[in-house]
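Chemist: Residue strings, one per chain:
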Amino acid sequence: MEELLAEVVGVLVTVVEACGAVVILVGAVWAFARFVWVGVRGHGSRAFVPVRLTLGRFLALGLEFQLAGDVLRTAVAPSFRELGQLAAVAAIRTALNYFLSKEIAEERRQVAEEAREATPDPAAPESPGRTV
Amino acid sequence: MTGLGALPGVLALGVSGLALVAGALALVATRRPALALGVLLDLLLAAGLLRLATEPTWTSIATAAAVVALRRLIGAGLRAGGRVLADPSPPARR
Numbered sequence: 001m002e003e004l005l006a007e008v009v010g011v012l013v014t015v016v017e018a019c020g021a022v023v024i025l026v027g028a029v030w031a032f033a034r035f036v037w038v039g040v041r042g043h044g045s046r047a048f049v050p051v052r053l054t055l056g057r058f059l060a061l062g063l064e065f066q067l068a069g070d071v072l073r074t075a076v077a078p079s080f081r082e083l084g085q086l087a088a089v090a091a092i093r094t095a096l097n098y099f100l101s102k103e104i105a106e107e108r109r110q111v112a113e114e115a116r117e118a119t120p121d122p123a124a125p126e127s128p129g130r131t132v
Numbered sequence: 001m002t003g004l005g006a007l008p009g010v011l012a013l014g015v016s017g018l019a020l021v022a023g024a025l026a027l028v029a030t031r032r033p034a035l036a037l038g039v040l041l042d043l044l045l046a047a048g049l050l051r052l053a054t055e056p057t058w059t060s061i062a063t064a065a066a067v068v069a070l071r072r073l074i075g076a077g078l079r080a081g082g083r084v085l086a087d088p089s090p091p092a093r094r
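Protein chains in written order, with my numbering: chain A, 1 to 132; chain B, 1 to 94.
You may find that some hints are simply not true.
To spell it out: a stretch of chain B is covered by chain A in this simulated footprint if at least three of its residues, at any positions, have a beta carbon under 8 Å from a beta carbon of chain A; those stretches are [as the list claims (entries may be wrong)]:
no. : region
1   : 41 to 53
2   : 61 to 68
One side only, chain B facing chain A, incomplete, derived with CB under 8 Å [claimed, not checked]:
no. : residue
3   : Pro8
4   : Leu11
5   : Leu13
6   : Val15
7   : Leu18
8   : Ala22
9   : Ala26
10  : Ala29
11  : Thr30
12  : Arg32
13  : Gly38
14  : Arg72
In short, the hints are calculated from the structure, not lab data.
As the structure is a prediction and not an experimental result, all values here were calculated from the model.
Think of the CB as a built atom: it goes at the ideal place given N, C-alpha and C, for glycine as much as any other residue.
Construct all of the structure, not just a fragment, from the sequences and the given hints.
Modeler: This is the structure we're talking about:
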């Protein structure tokens, strides 16, 4: 019974990790194509930021899949040593995911700031503001 | 550790090549080394994560972690430098 469970979990881990790898690969290839497009068309340095943002999202999603694989693996990790190794791998992947999400949030904030600077607030000069 | 074999490793090598090409292209197109470095490190991180999917050895994990740490360090340094260069106000008066 345990062997069957180990086999099933092994297949599931392979499938989930393959999904993560596919997500990361698709993101990297898509981002490369967009980088080439933006670079060749000469849209300027600002055009690179949204592409990097999307690539970051792809990488974060791929990491989530890899973490899911790690969680599945804990179901059948037979020895304490393997479990420790798995914990270290999962911890590092979690840290990567955390830093990646922070970077995405920061770049998103920069994009929003640039957009706000580019389009002046129409209400600001018109309405002097109500006094409360 | 997984049944994916050596395929992710080969793909990671390909993505590393794409990273070099995209970084060089970004440098030529924008003439901004900071941006080109960001592009290069983004795609190198993707390559590192693909390598993690195959056989997560300590070396591959450390490489991926080092890319993230390096990227944050360089990004923070460049942002701090950019703020200093962009700020027209004089330093604190005594």
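Chemist: Look at each hint and say if it fits the structure.
Modeler: Checked hints:
no.: 1; hint: 41 to 53; verdict: holds (count 9)
no.: 2; hint: 61 to 68; verdict: holds (count 4)
no.: 3; hint: Pro8; verdict: holds (5 Å)
no.: 4; hint: Leu11; verdict: holds (6 Å)
no.: 5; hint: Leu13; verdict: violated (12 Å)
no.: 6; hint: Val15; verdict: holds (5 Å)
no.: 7; hint: Leu18; verdict: holds (4 Å)
no.: 8; hint: Ala22; verdict: holds (4 Å)
no.: 9; hint: Ala26; verdict: holds (6 Å)
no.: 10; hint: Ala29; verdict: holds (4 Å)
no.: 11; hint: Thr30; verdict: holds (4 Å)
no.: 12; hint: Arg32; verdict: holds (5 Å)
no.: 13; hint: Gly38; verdict: holds (6 Å)
no.: 14; hint: Arg72; verdict: holds (6 Å)
Of the hints listed earlier, the one the structure fails to meet is number 5.
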